[in-house]
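Student: Residue strings, one per chain:
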Amino acid sequence: MKAPPFAYLRATSLDDAFRLWSAAGPEAKLLAGGQSLIATLAFRLSEPSALIDISRVPELGGITEAGGAIRIGALVTHAQLGASELVRRHVPLLAEAVPLIAHAAVRNRGTFGGSLAFADPAAELPACCVALDATVIARTRSGERRIPAAQFFTGLYTTALAADELIAAVELPQARPGERSTIIELARRSGDYAMAGIAVRAKIAGSTLVEPNVVFFGVGDRPISAGRAASALAGKPAAPATVAEAQAALGGDLDPPADQHGTPEMKLHLARVLLARALDRLIGHAGARAA
Amino acid sequence: MQEKVKDAPSSQFKWVGTRAVRPDGVDKVTGRARFGADLAMPGQLVGKVLRSPHPHARIRAIDVSAAANLPGVKAVVTRDDFKDQPSEFIPAGEMMINYRDVVRNVMAREKALYEGHPIAAVAATSTSIAKQALKLIKVDYEVLPHVIDVVDAMQPGAPLLHEDMITAGVEPAPKTPSNVAKRVEFGHGDVAAGFAQAEIIVERAFTTKPVHQGYIEPHACVASVSEDGQADVWVTTQGHWIVRAHCARLLGWDVGKVRVTAAEIGGGFGGKTVVYLEPLALALSKKARRPVKMVMTREEVFRASGPTSGAHVHVKIGARKDGRIVAGEAELKYQAGAFAGSPVQPGAMCAFAPYDLENVKVVGYDVVTNRPKVAAYRAPGGPISEFAVESVIDEIARKLGMDPIALRLKNAAKQGTRAAYGPKFGPIGFVETLEAAKAHAHWRTPLQKNQGRGVASGFWFNIGGETSVSLQLNEDGTLSLTAGTPDIGGLRASLCMMAAEELGVDLDRIRVQIGDTGQLGYNFLTGGSRATFSSGMATVEAAREVIKEACKRAAKLWELPEDAVEYMSGGVRPAGANAGKHAPMTLSDIAGIAGKTGGPIAGYARINAHGAAPSFATHIADVEIDPETGKATVVRYTAIQDAGRAIHPSYVEGQYQGGVAQGIGWALNEEYIYGPDGRLQNPGFLDYRVPVASDLPMIDTVIVEVPNPRHPYGVRGVGETPIVPPMAAIANALADATGVRFTDLPMSPPKVLAALDEARAAGTAKM
Numbered sequence: 006m007k008a009p010p011f012a013y014l015r016a017t018s019l020d021d022a023f024r025l026w027s028a029a030g031p032e033a034k035l036l037a038g039g040q041s042l043i044a045t046l047a048f049r050l051s052e053p054s055a056l057i058d059i060s061r062v063p064e065l066g067g068i069t070e071a072g073g074a075i076r077i078g079a080l081v082t083h084a085q086l087g088a089s090e091l092v093r094r095h096v097p098l099l100a101e102a103v104p105l106i107a108h109a110a111v112r113n114r115g116t117f118g119g120s121l122a123f124a125d126p127a128a129e130l131p132a133c134c135v136a137l138d139a140t141v142i143a144r145t146r147s148g149e150r151r152i153p154a155a156q157f158f159t160g161l162y163t164t165a166l167a168a169d170e171l172i173a174a175v176e177l178p179q180a181r182p183g184e185r186s187t188i189i190e191l192a193r194r195s196g197d198y199a200m201a202g203i204a205v206r207a208k209i210a211g212s213t214l215v216e217p218n219v220v221f222f223g224v225g226d227r228p229i230s231a232g233r234a235a236s237a238l239a240g241k242p243a244a245p246a247t248v249a250e251a252q253a254a255l256g257g258d259l260d261p262p263a264d265q266h267g268t269p270e271m272k273l274h275l276a277r278v279l280l281a282r283a284l285d286r287l288i289g290h291a292g293a294r295a296a
Numbered sequence: 027m028q029e030k031v032k033d034a035p036s037s038q039f040k041w042v043g044t045r046a047v048r049p050d051g052v053d054k055v056t057g058r059a060r061f062g063a064d065l066a067m068p069g070q071l072v073g074k075v076l077r078s079p080h081p082h083a084r085i086r087a088i089d090v091s092a093a094a095n096l097p098g099v100k101a102v103v104t105r106d107d108f109k110d111q112p113s114e115f116i117p118a119g120e121m122m123i124n125y126r127d128v129v130r131n132v133m134a135r136e137k138a139l140y141e142g143h144p145i146a147a148v149a150a151t152s153t154s155i156a157k158q159a160l161k162l163i164k165v166d167y168e169v170l171p172h173v174i175d176v177v178d179a180m181q182p183g184a185p186l187l188h189e190d191m192i193t194a195g196v197e198p199a200p201k202t203p204s205n206v207a208k209r210v211e212f213g214h215g216d217v218a219a220g221f222a223q224a225e226i227i228v229e230r231a232f233t234t235k236p237v238h239q240g241y242i243e244p245h246a247c248v249a250s251v252s253e254d255g256q257a258d259v260w261v262t263t264q265g266h267w268i269v270r271a272h273c274a275r276l277l278g279w280d281v282g283k284v285r286v287t288a289a290e291i292g293g294g295f296g297g298k299t300v301v302y303l304e305p306l307a308l309a310l311s312k313k314a315r316r317p318v319k320m321v322m323t324r325e326e327v328f329r330a331s332g333p334t335s336g337a338h339v340h341v342k343i344g345a346r347k348d349g350r351i352v353a354g355e356a357e358l359k360y361q362a363g364a365f366a367g368s369p370v371q372p373g374a375m376c377a378f379a380p381y382d383l384e385n386v387k388v389v390g391y392d393v394v395t396n397r398p399k400v401a402a403y404r405a406p407g408g409p410i411s412e413f414a415v416e417s418v419i420d421e422i423a424r425k426l427g428m429d430p431i432a433l434r435l436k437n438a439a440k441q442g443t444r445a446a447y448g449p450k451f452g453p454i455g456f457v458e459t460l461e462a463a464k465a466h467a468h469w470r471t472p473l474q475k476n477q478g479r480g481v482a483s484g485f486w487f488n489i490g491g492e493t494s495v496s497l498q499l500n501e502d503g504t505l506s507l508t509a510g511t512p513d514i515g516g517l518r519a520s521l522c523m524m525a526a527e528e529l530g531v532d533l534d535r536i537r538v539q540i541g542d543t544g545q546l547g548y549n550f551l552t553g554g555s556r557a558t559f560s561s562g563m564a565t566v567e568a569a570r571e572v573i574k575e576a577c578k579r580a581a582k583l584w585e586l587p588e589d590a591v592e593y594m595s596g597g598v599r600p601a602g603a604n605a606g607k608h609a610p611m612t613l614s615d616i617a618g619i620a621g622k623t624g625g626p627i628a629g630y631a632r633i634n635a636h637g638a639a640p641s642f643a644t645h646i647a648d649v650e651i652d653p654e655t656g657k658a659t660v661v662r663y664t665a666i667q668d669a670g671r672a673i674h675p676s677y678v679e680g681q682y683q684g685g686v687a688q689g690i691g692w693a694l695n696e697e698y699i700y701g702p703d704g705r706l707q708n709p710g711f712l713d714y715r716v717p718v719a720s721d722l723p724m725i726d727t728v729i730v731e732v733p734n735p736r737h738p739y740g741v742r743g744v745g746e747t748p749i750v751p752p753m754a755a756i757a758n759a760l761a762d763a764t765g766v767r768f769t770d771l772p773m774s775p776p777k778v779l780a781a782l783d784e785a786r787a788a789g790t791a792k793m
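Chains A and B are the protein sequences, given in the same order.
Per the working numbering, the very first residue in the first sequence carries number 6; after that it's consecutive.
Per the working numbering, the very first residue in the second sequence carries number 27; after that it's consecutive.
Check each hint, because a few of them may be wrong.
What the hints assert, rightly or not - With the Cβ distance kept under 8 Å, some of the chain B side facing chain A (calculated, not the full set):
| id | residue |
| --- | --- |
| 1 | E492 |
| 2 | K657 |
| 3 | T659 |
| 4 | N695 |
| 5 | R715 |
Claimed, not checked - Cut-off 27 Å, straight-line C-alpha distance, at most; resulting in silico cross-link-like pairs (DSS-like, lysine-lysine):
| id | chain 1 | residue 1 | chain 2 | residue 2 |
| --- | --- | --- | --- | --- |
| 6 | B | K157 | A | K7 |
| 7 | B | K475 | B | K342 |
| 8 | B | K425 | B | K657 |
| 9 | B | K347 | B | K235 |
| 10 | B | K54 | A | K7 |
| 11 | B | K582 | B | K235 |
| 12 | A | K7 | B | K578 |
| 13 | B | K157 | A | K34 |
| 14 | B | K109 | B | K54 |
| 15 | B | K657 | B | K450 |
| 16 | B | K475 | B | K425 |
| 17 | B | K342 | B | K164 |
| 18 | B | K347 | B | K440 |
| 19 | B | K164 | B | K313 |
| 20 | B | K657 | A | K7 |
As the list claims (entries may be wrong) - Simulated DEER-style distance windows between Cβ atoms:
| id | chain 1 | residue 1 | chain 2 | residue 2 | range |
| --- | --- | --- | --- | --- | --- |
| 21 | A | D260 | B | A218 | 54 to 64 Å |
| 22 | B | L712 | A | A12 | 26 to 36 Å |
| 23 | A | A109 | B | N634 | 40 to 50 Å |
| 24 | B | S154 | A | G148 | 41 to 51 Å |
| 25 | A | A167 | B | L712 | 27 to 37 Å |
| 26 | A | G256 | B | A780 | 47 to 57 Å |
| 27 | B | D110 | A | A12 | 42 to 52 Å |
| 28 | A | A167 | B | P185 | 49 to 59 Å |
| 29 | B | T56 | A | Q179 | 46 to 56 Å |
| 30 | B | I242 | A | Q265 | 42 to 52 Å |
Hints are computed from structural coordinates only; laboratory data are not their basis.
Glycine is no exception: its CB is placed at the ideal position from the N, C-alpha and C atoms.
Generate coordinates for the entire structure from the input sequences, incorporating the hints supplied.
Tutor: Shown next, in the form of structure tokens:
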């Protein structure tokens, strides 16, 4: 299919973007890398009256370090994210996630902000942001709002953004000493949407997990924080029994829908496998693996 | 001149066997190559097809009046625009066709038989008007119960697709209609007596899913019919003479009035050997009196163009403890889609072809279901039956504690073996592929944790057929070679190399093109792994005609008898008693005086290429299984195959690798997912998972060369055999790693995991 007709407007600055957006009305959509939006147009899943191209707005780019946090502009592409030394050093989870995102062509154009705003439940970056306690910086014409990532994703392809808000940047706390993180996903084929995925971050003291964040993707309508599993792990040495307890607790955290990849039971099983593997990566083979 | 196989090492040749630069390469990498959808004509209209949303429905009435009256719509066609055809099965290469069905497949008549079945087509001045017009067509359907699965379709009381279908090949003929179009049987000996001697018998049932050829380029054509009835079609196809024949027949036009030009082709794999859009575009163009362009979407390709059969296969093999197979029996049920004509016959013929068996029997059933009519797909029918047989052979080897290559060597067909399907084999290279596998480093490399290794062999017949080639000697001594088999797998390069070898000229002196149907005699299509074999044979003949004529011209000039002139290294010279009497002349010299010595010089070969020889392969696969998720990953793969002689080894290796890549998809991921409503749920590459590059290991290749004595350069077709062994090689590797025998394709993570869980509970799993 081909896209329905739409007007195309290119913004040259953030002010310009807001001006064009409000003039174009509520049926207009913002275009950044276009890696999800253009596909939805081609399938006629959305029919915007106009696309406001913000891909050349200078204020929305760049990766900077400020006050113990890393600020990533909404227009930073996945490829730029993966190549950034700042990201590798201070938010290694994101660097680890990049190769899992689709294929090279998509990573060259797709943007950080676009991925968050699109809020695909099987996408990697939204789950990472939740696991990392990121803050989404939303902008309107008149001001700025800071939204914790855990509250940003509100459902299937929906976010807490207001109709006149765009994502300007994301702020991520720098990894603290002793903190470790990892992301793993299971896909039928390289670049496919994950059957199930996990992003985990925790502080490791000896073999004990402190304040673990366990977030799943591809198993619900948004990134799912597995609070019960995290509680089962928190403050305890990651012995096989603890891991098994956390795996069991996932039954209360997740309620995966069936899809072409398999039944809800299989998805829950995969989530449990992923949890053990992620913990294994975080604390090494010393004691974490459940039988 | 060489009349026989040149069986010395390839190095005796200047061009044959080298990795010359491919003549189609620059155009393809620079975007100059013109594929099916690249042609545009002044004033052309856009043609679109209305397709049935129902898998099975009687069409009570079609009202196109509103669509026809929409401004911008220039023509509408329906079943009323195509004359009915008598029922008559005609051999078409590796498949059979029946025009009664072809006319119904391009445009539904009494009933829509699958979701996506064409109901009407419109031509309009723009895509959006054409689409709008489709929405205005009113179709009165009586929705009927449908049947998707092949076994369900064979049950008594199953919904009947064709109320008059009486199973052929059964005596006495059944009295009631069914969905079984045909029964076939092949074999010899006495299987009951054979099984009575067996010390081990393994019997298993297998299922395979329909898989699509997955060509990147969708079906596309432009048709133009002039006011005086001259018709032209530009189309992506594997055989433009076939397109011409089908279109002329369906439209009732003279063959000579239809000229078809083959575009550069973006993959076919057998799927572009039939017509879908072309007759519709011609009918629309005739009505509209303007050119009409039609291009399928990917969704249309999946819903309405041929995949290969899904099947149910039952195999029973008996052997003695020393590994000698004493009997083999198989029953094949292949679904044909909406019309008769699955590749069950070739499937039945090749099931046991690699083995020298005294007692063998294969029975096959061709079964219609409410799915798109299957089309040929690389070795049509073979991968399905051979997957089942090669799996059972592996199981016998494991149960006997025998090396699976040794077991195959013990039973391998050789020159003189009577094939399970009838004839005796000539020189074949099956044993050589097995020996090469045994000697390969891959076979001896230790496996890592959670890995298994499987081996499987494969066979395909290969065909020859009608072929025409012309070779003109231009006035400066360059040559123009015109062939009629579209270049899918390196045809142009291979023909150039054989012509250059014969003529003793440099490769860059020859330019090769694919001619249209007006330029050459009949050419059967590029399929059956026949193009390099057949067009190569014709090219050699045409080159020898040029050489003969060059000698004749020199003889005339030198006033010598013709046989006193010999052709050597790109030129002529006096021979024998007259040697040295005249200075040698090059082919360019001869070309320069052609006008004075008798006119233009050209060779034109029109042959029915006989002597196509089978190609055997043996593949080794290493597969790693994730014991917790059931995901299988192919980590190492080696494909060994007899090419007869590899004219251009890189293309031959590319064929081996491509077949393996498609086989890996077939084994692990590819399947059509139908809902209970009979509608396809994954008509796109997002959810129909062909492997991407990063899913594949480096596919190592070994070219074995046992020359085909019936071809001047020893060529065997190589394009199809490589897709035969992968499914069994991978299943055998999974069995090696897990202890579980997988019999149901694709071996996707949910299935593998469930089977592992079951085997763990039973205590039979190895992981």
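Student: For each hint, tell me whether it holds in the structure or not.
Tutor: So, going through the hints one by one against the coordinates:
Below 8 Å, beta-carbon pairs count as interface contacts, and B/E492 has none with chain A, the closest being about 41 Å; its hint is therefore violated. Interface hint status for B/K657: upheld, as the beta-carbon distance to the closest one in chain A is roughly 7 Å, under 8 Å. Interface restraint check: B/T659 against chain A, minimum CB-CB distance 10 Å, threshold 8 Å, status violated. Hint status for B/N695 relative to chain A: holds, with the closest Cβ pair at about 6 Å, below 8 Å.
For B/R715, the shortest C-beta to C-beta distance to chain A is roughly 5 Å, which falls under 8 Å, so the interface hint holds. At roughly 11 Å between alpha-carbon atoms, B/K157 and A/K7 fall within 27 Å of each other, so this suggested pair holds. Taken as a hint, the B/K475 and B/K342 pair is broken in the structure, with Cα atoms around 32 Å apart against an allowance of 27 Å. Of the pairs offered as hints, the one joining B/K425 and B/K657 holds, with about 26 Å between alpha carbons and a cut-off of 27 Å not exceeded.
Distance check on the hinted pair: B/K347 and B/K235 sit about 34 Å apart at the alpha-carbon level, beyond 27 Å; violated. At most 27 Å may separate the alpha-carbon atoms for a hinted pair to count; B/K54 and A/K7 meet this at roughly 26 Å. For the suggested pair B/K582 and B/K235, the alpha carbons sit about 65 Å apart, so the restraint of at most 27 Å is broken. For the given pair, A/K7 sits about 62 Å from B/K578 by alpha-carbon distance, which is inconsistent with the 27 Å threshold.
With a C-alpha separation of about 26 Å, the suggested pairing of B/K157 with A/K34 holds against the 27 Å cut-off. Proximity of B/K109 to B/K54 is assessed by CA-CA distance (about 40 Å); at most 27 Å being required, the pair is judged violated. About 43 Å separates the Cα atoms of B/K657 and B/K450, which puts this hinted pair outside 27 Å; it is violated. This hinted pair checks out: B/K475 and B/K425 have alpha carbons roughly 23 Å apart, not beyond 27 Å.
Note on B/K342 and B/K164: the hinted pairing is violated, with a Cα-Cα distance of about 52 Å set against a maximum of 27 Å. Between the alpha carbons of B/K347 and B/K440 the distance comes to roughly 22 Å, so the proposed pair stays at or under 27 Å and holds. As the CA atoms of B/K164 and B/K313 are separated by approximately 21 Å, the hinted pair is consistent with the 27 Å bound. This hinted pair does not check out: B/K657 and A/K7 have alpha carbons roughly 35 Å apart, beyond 27 Å.
The given range of 54 to 64 Å is respected by A/D260 and B/A218, whose C-beta atoms sit roughly 56 Å from each other. At roughly 28 Å, the beta-carbon separation of B/L712 and A/A12 lies within the given 26 to 36 Å, and the hint holds. A/A109 and B/N634 have their C-beta atoms about 49 Å apart, which keeps the hinted 40 to 50 Å range intact. Taken as a hint, the range 41 to 51 Å holds for the pair B/S154 and A/G148, whose Cβ atoms sit roughly 42 Å apart.
Checked against the given bound of 27 to 37 Å, the beta carbons of A/A167 and B/L712, roughly 31 Å apart, stay inside it. Remark: the range hint 47 to 57 Å for A/G256 to B/A780 is contradicted by a beta-carbon distance near 20 Å. The supplied range of 42 to 52 Å is met by B/D110 and A/A12, whose beta-carbon atoms lie about 51 Å from each other. Separation of A/A167 from B/P185 is about 54 Å and conforms to the stated range, judged on CB atoms against 49 to 59 Å.
Taking 46 to 56 Å as the suggested C-beta distance range, the pair B/T56 and A/Q179 conforms, at roughly 48 Å. Distance hint check: the CB atoms of B/I242 and A/Q265 are about 23 Å apart, inconsistent with the given range 42 to 52 Å.
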